[in-house]
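Chemist: Sequence:
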Amino acid sequence: MFAESRPFRVSSHRLPAWKAVLPIGGHAELLSPGQPMLAAPGLIVPPQLTHSCAATSPYVALFIDPWLLPSHSKPIRLDTGEVGRLLAAMGTTGSDGADTSVDLAAGYTELRVLAGRPSPLDPRLNHALHLCTGHDPDMPITSIAPEVGLSAPRLRALVRQDVGIPLARLRRWGRLRTAVADLPDSTAALAAATAGFADQAHFTRTAHDFLGRTPSSLRRAEV
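The numbering used here puts the first residue of the sequence shown at 82, with every later residue one more than the last.
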């Protein structure tokens, strides 16, 4: 989760995860190549959609792994009442953005009401994704695949088939998530090293490609 106490705009990016943009009192704007601008009180943006995005007020942005909501090809508009229910579920209703006591589990439950429930993931895939994106970002695929009873090529093929995103891209997302979570209490260079990026430049490129932001701007956001 990010929260900003001011309006904010991010440049064009392509995120391998779901994003819910929840303005507090304003609206969200999304621009995708070849499409007219989409504006609504809130938006749920599907993975892998190239777009730029803005909120005209303080806002909360939620990021959800791609297998945790059902597939959609287009953004989902949220009306004022739906945005309000999501913010209320998380305990985030103030005009200055979120605080540290946000209930993300309640937010995810409400998101599933709006976007639908995902199909159950193969348990082998679920465990492999946990290892790849959160538990140990440096663990090689050749070690993860046998642990779940698959060959490395078969694991990659199943992830692409069932999740729709290459496994290497999901691993970069896991590293980015880890690095961003460390930023409030760390330097960008140390956060990059801890998350398994080759260097700070690799972290910066990934943040720009996936979020349309720089690590320095992420440090100013609440995570």
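Keep in mind that the hints were calculated from the coordinates and are not lab data.
No residue lacks a Cβ here, since even glycine has one placed at the ideal position from N, Cα and C.
Incorrect hints may appear among the rest.
[Said to hold, decoys possible] With beta-carbon atoms standing in for the labels, derived distance ranges:
id	residue 1	residue 2	range
1	A262	P199	21 to 27 Å
2	R205	S297	37 to 43 Å
3	H211	D290	22 to 28 Å
Chemist: Run every hint past the structure and note whether it holds.
Modeler: Hint check results:
Taking 21 to 27 Å as the suggested C-beta distance range, the pair A262 and P199 conforms, at roughly 24 Å. At roughly 39 Å, the beta-carbon separation of R205 and S297 lies within the given 37 to 43 Å, and the hint holds. Distance hint check: the CB atoms of H211 and D290 are about 23 Å apart, consistent with the given range 22 to 28 Å.
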